[in-house]
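Chemist: What follows is the residue order along each chain.
There are 2 protein chains.
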Amino acid sequence: LLSSASAQTSLPTPPASAAPADDGQWSMPTKNFAGTRYSELSEINTENVRDLQVAFTFSTGVNKGQEAAPIVVGSTMYVLTPYPNILYALDLSQPGAPMKWQYNPKPASAAQGVACCDVVNRGPTYADGRVFFTTLDAHVVAVNAETGEEIWKTKLGDINKGETMTMAPLAAKGKVIVGISGGEYGVRGWIQALDANTGKSVWKAYNTGPDADVKIGSAFKPFYDSEKGKDLGVTTWPPDAWQQGGGTVWGFVTYDPDLNLIFYGPGNPGPWNPNQRPGDNKWTNGVFARDIDTGEALWFYQWNPHDLFDWDGINENILLDLDWKGQRRKVLVHPDRNGLLYVVDRTTGEVLSASFYHAVNAHQGVDLSTGRIKINQDKYPLQNKVVRDICPTAPGAKDWSPSAFSHKTGLLYIPHNNLCMDWESVEPNYIAGTPYVGAEVRMMPGPGGHMGEFSAWDIVAGKEVWTIKERFPAWGGTLATAGDLVFYGNMEGWFKAVHARTGEVLWQFKTDSGIIGQPTTYRGPDGRQYVAILSGVGGWSGAIVSNDLDPRDGTAAMGFVNAMRELKNVTTKGGTLYVFKLP
Amino acid sequence: LLSSASAQTSLPTPPASAAPADDGQWSMPTKNFAGTRYSELSEINTENVRDLQVAFTFSTGVNKGQEAAPIVVGSTMYVLTPYPNILYALDLSQPGAPMKWQYNPKPASAAQGVACCDVVNRGPTYADGRVFFTTLDAHVVAVNAETGEEIWKTKLGDINKGETMTMAPLAAKGKVIVGISGGEYGVRGWIQALDANTGKSVWKAYNTGPDADVKIGSAFKPFYDSEKGKDLGVTTWPPDAWQQGGGTVWGFVTYDPDLNLIFYGPGNPGPWNPNQRPGDNKWTNGVFARDIDTGEALWFYQWNPHDLFDWDGINENILLDLDWKGQRRKVLVHPDRNGLLYVVDRTTGEVLSASFYHAVNAHQGVDLSTGRIKINQDKYPLQNKVVRDICPTAPGAKDWSPSAFSHKTGLLYIPHNNLCMDWESVEPNYIAGTPYVGAEVRMMPGPGGHMGEFSAWDIVAGKEVWTIKERFPAWGGTLATAGDLVFYGNMEGWFKAVHARTGEVLWQFKTDSGIIGQPTTYRGPDGRQYVAILSGVGGWSGAIVSNDLDPRDGTAAMGFVNAMRELKNVTTKGGTLYVFKLP
Ligand SMILES: O=C(O)c1cc(C(=O)O)c2c(n1)C(=O)C(=O)c1cc(C(=O)O)[nH]c1-2
Ligand SMILES: O=C(O)c1cc(C(=O)O)c2c(n1)C(=O)C(=O)c1cc(C(=O)O)[nH]c1-2
Chain A
4 LLSSASAQTS LPTPPASAAP ADDGQWSMPT KNFAGTRYSE LSEINTENVR
54 DLQVAFTFST GVNKGQEAAP IVVGSTMYVL TPYPNILYAL DLSQPGAPMK
104 WQYNPKPASA AQGVACCDVV NRGPTYADGR VFFTTLDAHV VAVNAETGEE
154 IWKTKLGDIN KGETMTMAPL AAKGKVIVGI SGGEYGVRGW IQALDANTGK
204 SVWKAYNTGP DADVKIGSAF KPFYDSEKGK DLGVTTWPPD AWQQGGGTVW
254 GFVTYDPDLN LIFYGPGNPG PWNPNQRPGD NKWTNGVFAR DIDTGEALWF
304 YQWNPHDLFD WDGINENILL DLDWKGQRRK VLVHPDRNGL LYVVDRTTGE
354 VLSASFYHAV NAHQGVDLST GRIKINQDKY PLQNKVVRDI CPTAPGAKDW
404 SPSAFSHKTG LLYIPHNNLC MDWESVEPNY IAGTPYVGAE VRMMPGPGGH
454 MGEFSAWDIV AGKEVWTIKE RFPAWGGTLA TAGDLVFYGN MEGWFKAVHA
504 RTGEVLWQFK TDSGIIGQPT TYRGPDGRQY VAILSGVGGW SGAIVSNDLD
554 PRDGTAAMGF VNAMRELKNV TTKGGTLYVF KLP
Chain B
4 LLSSASAQTS LPTPPASAAP ADDGQWSMPT KNFAGTRYSE LSEINTENVR
54 DLQVAFTFST GVNKGQEAAP IVVGSTMYVL TPYPNILYAL DLSQPGAPMK
104 WQYNPKPASA AQGVACCDVV NRGPTYADGR VFFTTLDAHV VAVNAETGEE
154 IWKTKLGDIN KGETMTMAPL AAKGKVIVGI SGGEYGVRGW IQALDANTGK
204 SVWKAYNTGP DADVKIGSAF KPFYDSEKGK DLGVTTWPPD AWQQGGGTVW
254 GFVTYDPDLN LIFYGPGNPG PWNPNQRPGD NKWTNGVFAR DIDTGEALWF
304 YQWNPHDLFD WDGINENILL DLDWKGQRRK VLVHPDRNGL LYVVDRTTGE
354 VLSASFYHAV NAHQGVDLST GRIKINQDKY PLQNKVVRDI CPTAPGAKDW
404 SPSAFSHKTG LLYIPHNNLC MDWESVEPNY IAGTPYVGAE VRMMPGPGGH
454 MGEFSAWDIV AGKEVWTIKE RFPAWGGTLA TAGDLVFYGN MEGWFKAVHA
504 RTGEVLWQFK TDSGIIGQPT TYRGPDGRQY VAILSGVGGW SGAIVSNDLD
554 PRDGTAAMGF VNAMRELKNV TTKGGTLYVF KLP
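Heads up: the protein sequence lines correspond to chains A and B, in order. Convert by adding 3 to the 1-based position in the first sequence; the result is the number in this note's numbering. Convert by adding 3 to the 1-based position in the second sequence; the result is the number in this note's numbering.
Keep in mind that a hint or two might mislead.
Treat identical chains as interchangeable: a pair holds within one or across any two.
Cross-link-like lysine-lysine pairs, in silico, DSS-like; alpha carbons within 30 Å at most [claimed, not checked]: (1) Lys109 x Lys513; (2) Lys571 x Lys513; (3) Lys158 x Lys571; (4) Lys207 x Lys109; (5) Lys584 x Lys499; (6) Lys513 x Lys584; (7) Lys156 x Lys571; (8) Lys472 x Lys382; (9) Lys499 x Lys513.
FYI, nobody ran anything at the bench for these hints, they're computed from the structure.
The following block holds chain A by itself, in its conformation from the complex (with noise of 0.2 Å):
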């Protein structure tokens, strides 16, 4: 089934800086530098998977959208829950994983009322015998992997300003990069290396604003015309808009060590309404390298130039080298709300294709000469209008539900949406620590009335291999193996183990709450190999569930009640890790 175009040339793979051979744990969410969610793993294969079965389970103990993805270092597990954000270390050498300890963190209880999606967090991080993971009240925290014991705790926003915290760390290079969240708040978005052994700031970069502030210097190249020029973070703004102009950083950061570039995408302008804000909007929207020392930037890239709906640029970039027209290529690899799959030479920024990989209507793909998205105007969300059936949504076609990509099979599973939306612009007042948004959305689910879909995509060939309808969005992340498996769970609770080639569901269980988490993989101390899951419904998608929203509101949850009334029915809260192993 591997398209013969990608089967005639080698297929593409992670730099092996980024993606070292396997060692059997699973210490950052996204497995690697390179963020490609595959485990060398291969007990656990498509001739046995069928008998998979629950090893053990533990309770979070919070009822709210489990994102984070369970790793696992040495012979521990360590397990964050959503807000109030608690650590738990599960000893694995021990039959039922008892609880090594608990570190609580102890946020600020009013951070729940300024989270836009839920009270989510995408999980902790391991580096160098430390566990690193940010707080709903923007702190970020180091504690001892082995006891616990906290080592410092850094605050670095302000909940009174909306501004939050719920990305995983990456940690690299004795640094840990992190972000702030709140782009429905007007929070001015940035990022941020600390000190691993400190906490202490080693730099900061904001994406909005003056040269200076985004650490935009001589160092500077973007590929593209419309990226180039003095102070474009203050000037594709009305006067002063760039201040509460959102582009936050909330989604998954990879690094290419070779480069010592990391990448990362700042999400959408604020607020919504984009005739708030003539202009590109930069630096939101798009994607920016950085030099991991220092912050420089490098190169951007713009997926969403003035973004019309919400659009964040945060999606996962997984980097790869692939052959390109005959000559191996440094890309990363980004599926991006608006429905298109881009490769991108990540030495550059110059986009080499930017496929559908989910039909949309709201533009018409990119003209790779200037490197901008083509807009559909009769989409375009002019003030106090109602536009109808827009597609995709706010969340877009994928929201940051990561991805995986395989070597073996030379494919990218993505989890993406099929929802559309009729939406009015509106004009909103900035007051700090309140929603500055400026739209009211009511989605719906998607031609075919299905609301998510999970793909196997061949990158070079920019095409779809094969696809899984499912009733509501696919939410959780996803996970490659070796066994030439996929596994991912839905909303309704289902954890599916796919044939990697055929799409074929070769098992599946259901967890007690619908799943919005990163599965993971590990070899046990037993030697075995474990698969990891997080149950537990929420998440902007799940909000109506895990916040007990009135389904009778359709614009709840900035208009996703209006899609999700029936998951009501279908699910409930939970929070629990399902760990499952063969018999």
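Chain A is fixed; fit chain B with the ligands onto it per the hints.
Modeler: Leaving out everything else, chain B with the ligands in the frame of chain A:
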């Protein structure tokens, strides 16, 4: 390992009318009117139980103590959550048992403030196409079992007076038998029969006060002299004290269709401080036999006259017929909080035997000629004096957690506690709707350091056959099966299958939270045997976790926190249904 005594005679057996042939369902928490919690299903047995695995799971969405028995009628399972007491119907005929409907009685949230022991509920019950259950705010509800539509909802108590409901109703003979909780709030206890069709009261009997209120009339023929006399519910109290005298009803009710009698135990007298209420404090802490149609009392026996230690008489009364000194006798079997296992003639109230199933130092057992318990005066809780090392504690050698009886082994399987306490009586004031206790208690592990045990008990021989020690109190229920297995869960979260004859743990699975629920088993629509349990720690013993109590305050949860501090390091809050089957 069976004692030779019981092997020679025919084994005890529940009356056929109260425990009819197994239909593969589990329609009431007690399994049958006799309360044996025994199933004739034997597909899962001592040979194959090691292969048992999780079939599916379901989140109750509420992280409080899960005490309910999951019940099964036809191809539907009914799961009742703690407050807010949502009833879920799951379709067992579909993969993953999806939700059929949910019914939310919307109890008043203030009810949580007057619940003594977490916001638990012991489960729904089924009869004639209806599911019946109680709500924490003291309503009883009947719901159409097929559609989830409310048929009736009757308010029976007032939370402003501290009245709540937590018990599982008994549905029998067109009636729904329920009682009120609130012994720690000076609630005057009663039991009541509602018309199953209309929810209207058929009869109501108080457990304190004048004979007329107690439904003591000419039919009342107690066995012992101390239960004889006019208006003992008034005269065994200081003036008017019976009005706030407790004797609430929150345990399981059993029913003998041949005798037309129900059996249940009133709870402790209020307040705990015994110096406030000289006298026997009838009719608390005993067992009533009442006519199911009229509520008329036939007899009463008081396990603990003039209660010293909060020894509610509510523990299960299992109905058995057994050979006793050459005669077949109709008995009830009752493991009391005071550590004694009573065998009582259920036609007369005569105590045939009272043997220690757990060692205690607070009394020396029962004088069978008078029926009275022999108190150790040096453990008498005089006012303003700390009496140390009283064993057992206020929750008793065994709390509500029900035993199971297998007529195949002839053994009773008893979850119980090994706890001692320091007690200081203080003077309480009665203020409606506020705690009325008058004791400062601190509990600790009993001799040996373990806090729980799970034992097999030979009723006729009056002795233990085997026992399993548990680190924490054994706070969940028990299931016995014809597969020669007994199932129970512990507060660490392990769900265990034990060889019914030897006590060998043949299988165990780590659920996500501590277990205090009641296991059940059923034949699924596919003809296979399943075993179900709710996991989710809480109740009185687990309130430290479910209510986030401060472990530094040993007197919290009426002194239970002192013993349970470590539970916080061992388990987390939860609320998950687990259903197991063979591969
Ligand atoms: O602009 C922001 O700062 C911001 C933050 C977050 C977040 O931190 O969870 C989300 C979003 N935006 C967002 O646009 C979005 O779609 C989203 C989904 C989720 C989620 O967890 O399900 N979070 C967020
Ligand atoms: O006196 C009462 O009315 C009353 C009510 C309840 C209850 O309704 O749960 C308990 C008790 N007492 C009690 O004494 C007790 O040990 C107890 C344990 C539990 C539990 O669910 O773990 N409930 C209750």
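Chemist: Next step is simple, just say for each hint if it's right about the structure.
Modeler: The hints, checked one at a time:
1. Lys109 x Lys513: Between copies, since 28 Å is at most 30 Å while 32 Å is not.
2. Lys571 x Lys513: both (16 Å within a copy, 28 Å between copies)
3. Lys158 x Lys571: Between copies, since 28 Å is at most 30 Å while 37 Å is not.
4. Lys207 x Lys109: within (25 Å within a copy, 49 Å between copies)
5. Lys584 x Lys499: Classified as both; 14 Å inside a copy, 19 Å across copies.
6. Lys513 x Lys584: Answer is both; intra-copy 15 Å and inter-copy 14 Å each pass.
7. Lys156 x Lys571: This pair counts as between: shortest inter-copy Cα distance 24 Å, intra-copy 38 Å.
8. Lys472 x Lys382: within (26 Å within a copy, 69 Å between copies)
9. Lys499 x Lys513: Classified as both; 9 Å inside a copy, 22 Å across copies.
In terms of the numbered hints stated before, the structure departs from none.
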